[in-house]
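*Asks:* So the sequence lines, in the order shown, correspond to chains A and B.
Position 96, counted from 1, in the first sequence is what the numbering used here calls 96; the numbers after and before it change by one each time, with no gaps.
Converting from the second sequence to the numbering used here requires adding 245 to each position, the first position being numbered 1.
Be a bit skeptical, because a hint or two may be false.
Quick list of simulated restraints, FRET-style, between CB atoms [to be verified]:
| no. | chain 1 | residue 1 | chain 2 | residue 2 | range |
| --- | --- | --- | --- | --- | --- |
| 1 | B | ARG355 | A | ALA19 | 42 to 50 Å |
| 2 | A | VAL62 | B | ALA354 | 37 to 45 Å |
| 3 | B | ALA282 | A | ALA195 | 48 to 56 Å |
| 4 | B | GLY449 | A | ALA100 | 50 to 58 Å |
| 5 | B | ALA264 | A | ASN64 | 37 to 45 Å |
Chain B is nowhere near these chain A residues, computed Cβ spacing over 12 Å in every case [stated by the list, open to error]:
| no. | residue |
| --- | --- |
| 6 | VAL38 |
| 7 | ALA68 |
| 8 | PRO164 |
| 9 | MET170 |
| 10 | GLN194 |
| 11 | ALA195 |
Honestly, the hints are just simulated from the structure, not real lab data.
For each residue, glycine too, the CB sits at the ideal point set by N, CA and C.
There are 2 protein chains.
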Amino acid sequence: MQARRTPKQNHLLAALPAAELMRLAPHLEPVPLPLGAVIYESGGAQDHVYFPASGIVSLLYVMNDGSAAEIAVVGNEGMVGIALFMGGGTTPSRAVVQSAGSAWRLDAARIKAEFARGGALQRLLLRYTQALITQMTQTAVCNRHHVLEQQLCRWLLLSLDRLPSNRLVMTQQLIANMLGVRREGVTEAAGRLQAEGLIDYRRGRICVLDRAKLEKRVCECYGVVRRECDRLFAPAPALVAALAA
Amino acid sequence: MQARRTPKQNHLLAALPAAELMRLAPHLEPVPLPLGAVIYESGGAQDHVYFPASGIVSLLYVMNDGSAAEIAVVGNEGMVGIALFMGGGTTPSRAVVQSAGSAWRLDAARIKAEFARGGALQRLLLRYTQALITQMTQTAVCNRHHVLEQQLCRWLLLSLDRLPSNRLVMTQQLIANMLGVRREGVTEAAGRLQAEGLIDYRRGRICVLDRAKLEKRVCECYGVVRRECDRLFAPAPALVAALAA
DNA sequence: CGCCATACGTGGGCGAGCGTACATACCGTG
DNA sequence: CACGGTATGTACGCTCGCCCACGTATGGCG
């Protein structure tokens, strides 16, 4: 599926000028992202940042009573560990691998130093952070106003955007944990989607059959996040003009 | 109440080294924050950042159907307009003055230039952004898991922390808009709090009578945000040691 | 090929919050 | 000091999602 492992599988790294990527490359360490692995614990020290090449990482807040809620998801469009360059060093949330894959990681000292140089990497990381903020914002709005089925559609689409195929390996129980709802609620909503031919659900394997219909069914939150990402990472107008010429 | 208008009323500006504040001072323009004023519209260009000296600004997401949800609040501990230095230039949310006050504002070009210098201001702004992210995260969690009364307590405490007295001018309708719930729900919850002597509610004027009881009633979300702010803006360990000596 | 742990499906009762509708109380204004 | 607009209190039926308790089936393993 993937020709060779290269940092360019991650969109942030791929967007770096060649010179910056070359400076970083010797320090980028490939690591696996096994399903279920906890990358950061809530409040725990973060000693590396991770640039996923494949797979999905969920940022979860775990409450005192043990129940959880997903705050955002990160795939190869982004990075896990923004607290390191934001200055806090840690966050009150947990990062868990939701879909297995691999990542390139960089140690804390290195990312801080590179960020402090103030070049293209800093610019990219800050923009990515803003995109992440939009995702968190929409999660809050969606939790308040939208029904479970719409949230499920949003979750499926966000996951699909970060995976190479239209299949995902995920039980309804795990989806329920992410969304912070009951498993039965997911069963019902997924049942409706399946009955209408949008997805095919078979014992922990979901296959999205009709993405267009899914996009019609989802709430506005998905589109807002998607468009904001596109806007923030669109090539600069100057560059567009240059290419057009 | 306030001796004289000085940028130091804003905690971020007050935390700057004297030299940096002096460089900024000539460009800081005092502006009023009248109740209800819209500082930024969703998706609209942001041409200044605002450092509140007093009052409260709410960050709201407004949905297609017109209903809204508060994402975070900003008082004199923070700043409005992070998208300017984060690079996006705008956000898909609206900033509205929830409690009248005043602010110091800085034009877009200046804040970008100062941020790019990479000094104490950059460090402070990034940490503040992380604190804001925590607030947004907890809003999402709270929306998902906690009942209206707890959310009301959280909202009251967050507001109280940003005001000089224990009184706030706010109708139940406006609180309902912020929380994204019905006015009647707020009436009921506030009625219970009033019956138990935690607050005194009189036609758009709330007086918090027993803050300690309010803190017992609130969900964990408030404490998480509060502690994370304290942690992010605590004096550096080296400084603490120096002061202790 | 049969077992059984795991994943999925279903149902009843319940509480929170919504939509709607209307009653009451306050307070500034003329 | 009467008036009217605004703010607050109350009520009822409804829906969504929760808690709880089962029933069913799939697919990997021995």
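*Asks:* Now look at each hint and say whether the structure bears it out.
*Replies:* Each hint, compared with the structure:
With their beta carbons about 30 Å apart, B/ARG355 and A/ALA19 fall outside the hinted range of 42 to 50 Å. Between A/VAL62 and B/ALA354 the beta carbons are some 42 Å apart, a value that agrees with the proposed interval 37 to 45 Å. Separated by about 49 Å at the C-beta atoms, B/ALA282 and A/ALA195 satisfy the suggested range of 48 to 56 Å. Under the hint 50 to 58 Å, the C-beta atoms of B/GLY449 and A/ALA100, about 55 Å apart, fit the expected range.
The hinted range of 37 to 45 Å is satisfied by B/ALA264 and A/ASN64, whose Cβ atoms lie roughly 44 Å apart. No Cβ of chain B approaches the Cβ of A/VAL38 within 12 Å, the least distance being about 18 Å, so the stated non-interface status holds. Distance check for A/ALA68 against chain B: the nearest CB is about 9 Å away, which does not clear 12 Å, and the non-interface claim fails. Remark: the non-interface label on A/PRO164 is consistent with the geometry, its nearest Cβ contact in chain B lying 28 Å away (cut-off 12 Å).
Against chain B, the non-interface label of A/MET170 holds: every CB pair exceeds 12 Å, the least being about 19 Å. The Cβ of A/GLN194 lies farther than 12 Å from every Cβ of chain B, with a closest approach of about 25 Å, so its non-interface assignment holds. Here A/ALA195 stays apart from chain B, with its beta-carbon at least about 27 Å from theirs, past the 12 Å limit.
Violation of the numbered hints given earlier is confined to hints 1, 7; the remaining hints are satisfied by the structure.
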